[in-house]
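Q: Now for the letters of each chain:
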Amino acid sequence: MIDWISALFLVFAALFFIGGSVGLLRFPDVYSRLHALTKADNIGLGFIVLALLIQARSWDWALKLLLVWIFVMAASATNAYLIARTALRKDIPVWTPPEQE
Amino acid sequence: MDAAGTGIIDLLLGILMVLLAGASLLLQQLFRSVMAFIGLGLVVAVAWARLGAVDIALAEAMIGSGITGALLLASLSRMARYEGKKSVDPDARAAGAASNRPGNEGRAGPKGIRWRGVTAAAVLVAAMALVFENVFPLPAPDGGIPDLVIRNLPASGVSNPVTAVLLNFRAYDTLLEIGVVLLAVLGMRAVGSHPQFDRSSHPEVVLAGFYRLVLPVLILFSAYMVWVGAKDPGGAFQAAALLAAGGIIGWMTGTNPLARGLPDTGLRMMVSAGFAVFLSLGVLFWIQSGMFLAFAPVTAGWSILAIEVLATISIALSLFVLFLGSSGYPPSARGIGPVPADREGG
Amino acid sequence: MIDISTGYAAMGLLLFAMGLLGLVLGRHPVRKILALNVMGTGTFLFLVAGAARYGLANPDPIPHAMVLTGIVVAVSATALGLALAGRIHPSRADTDASTPPEESGHGLD
Chain A
10 MIDWISALFL
20 VFAALFFIGG
30 SVGLLRFPDV
40 YSRLHALTKA
50 DNIGLGFIVL
60 ALLIQARSWD
70 WALKLLLVWI
80 FVMAASATNA
90 YLIARTALRK
100 DIPVWTPPEQ
110 E
Chain B
6 MDAAGTGIID
16 LLLGILMVLL
26 AGASLLLQQL
36 FRSVMAFIGL
46 GLVVAVAWAR
56 LGAVDIALAE
66 AMIGSGITGA
76 LLLASLSRMA
86 RYEGKKSVDP
96 DARAAGAASN
106 RPGNEGRAGP
116 KGIRWRGVTA
126 AAVLVAAMAL
136 VFENVFPLPA
146 PDGGIPDLVI
156 RNLPASGVSN
166 PVTAVLLNFR
176 AYDTLLEIGV
186 VLLAVLGMRA
196 VGSHPQFDRS
206 SHPEVVLAGF
216 YRLVLPVLIL
226 FSAYMVWVGA
236 KDPGGAFQAA
246 ALLAAGGIIG
256 WMTGTNPLAR
266 GLPDTGLRMM
276 VSAGFAVFLS
286 LGVLFWIQSG
296 MFLAFAPVTA
306 GWSILAIEVL
316 ATISIALSLF
326 VLFLGSSGYP
336 PSARGIGPVP
346 ADREGG
Chain C
4 MIDISTGYAA
14 MGLLLFAMGL
24 LGLVLGRHPV
34 RKILALNVMG
44 TGTFLFLVAG
54 AARYGLANPD
64 PIPHAMVLTG
74 IVVAVSATAL
84 GLALAGRIHP
94 SRADTDASTP
104 PEESGHGLD
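Protein chains in written order, with the working numbering: chain A, 10 to 110; chain B, 6 to 351; chain C, 4 to 112.
Hints in this document: simulated from the structure, not taken from any laboratory.
Each hint should be verified, as a subset may be incorrect.
[Unchecked claim] Here are the simulated DSSO-like cross-link-like pairs (lysine-lysine), alpha carbons at most 30 Å apart as the crow flies:
#	chain 1	residue 1	chain 2	residue 2
1	A	K99	C	K35
2	B	K236	A	K48
3	A	K99	A	K48
4	A	K73	A	K48
I would like the entire structure built from these sequences, with the hints used as guidance.
A: Rendered as structure tokens:
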């Protein structure tokens, strides 16, 4: 039973990762791509951690899993900020929707 | 003993590895190649876990993918700065730069160059066919060495077989490995660049905040790695990579005191401490028992711990120095100085 | 399916071959260094695949130790190689007379 719930969470995680990747491929500029990727990947990782949490055999396992998620979130947030800042410095334009005639 | 069979995940990993390796070799823009290579490192780390080599998975993710990736990116960044390419061409980017051509560096040059590629590929395919024919099927396991290791494990002072092999049974290899790292540092100090990033005018607040959060954790994890390497996957090299990563992040925030002016004598002592202590212990054991690096079973555990601690510090510093050496300006570059504060893009 | 040792060993050989090809054909020093690293990864795959020949329950620790050593040596060599490559004035090392620098393809994205 627990395995099924884990599997369900993993499927959700996969969906989020796929969504993030689609965003990476389809969004028009670096800023929106960063946004899609960081958000979706972090939530995806959260679902993976959730799936593993309910399988954890002891409290320290669960704590380590949560720490993994927290640190990855911190790192990827910092990462996204640095990339966006660098892109701004290099004057990469923010995409604006084309005029609708 | 029957070997495990492959599953879907191995097939997927294999396909990913080939694709990423191909991308890292064939992509027209070096930056993308390096990104593909970093990705390859991480996929390969999963492959290590799949093959039951957790120590290596840790090392590959941290050193093979992380530190190597940092080295490559820093070096690319320095080359771009050196050539004066300071901004990305927005049009090329928005148009989905058509420079993603695979093949021999996308060269439509003289015919001679393409023949070189075809010949090289043909020779390689023939050679690989020969290798494949002789290597596969792999020889049947004969039950020899792993049992030898397992049987002598209690006398080694640790209970993680990889650590036992690394730091006791084949300690000589590890001693020389630390020597190689030391040699690289020496070479780096001879030909390497001087990092001239002065970030005090552009304090990197978010990164500094992250650094404050993560450095104590890195130090703690590093100590844990060294300690737990005796019975679980871990060890000195992974710990060193953690510390080196902390140092690199610190350097990027401009707050790492080591980056400003490396205190020469102290640095030299600490970088060589690992090798020196290892060598000294080896000679000590030689005097004691007539054989170089022959750990006595009673004190082996503590000797290994001492060596690992010092090796961690040495290798961490070495990796940091190696990173610095590949990320600064060539000292003899003409007309190149510190990047003006408003142009450096990190 | 096939035995896990054989599968990953074949993958390792494939990566080694690809890396070797890239080493021979690549012009830019950094590209050659990348190719060397890919070759190294292929070699490590082959070694660790061989370590799994007794089954995943008791892997042979000696190739593990060797690969661990190999990874550290590879990063040291890569660092030194990059420093040397940086001294060779990268754009000149990459082009020949017929291709202008813009096409050399080592620019950053």
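Q: If a hint holds in the structure, say so; if it does not, say that too.
A: Comparing the hints with the structure gives:
no.: 1; hint: K99(A) with K35(C); verdict: holds (29 Å)
no.: 2; hint: K236(B) with K48(A); verdict: violated (37 Å)
no.: 3; hint: K99(A) with K48(A); verdict: holds (24 Å)
no.: 4; hint: K73(A) with K48(A); verdict: holds (22 Å)
Consistency note: the structure conflicts with earlier hint 2 alone.
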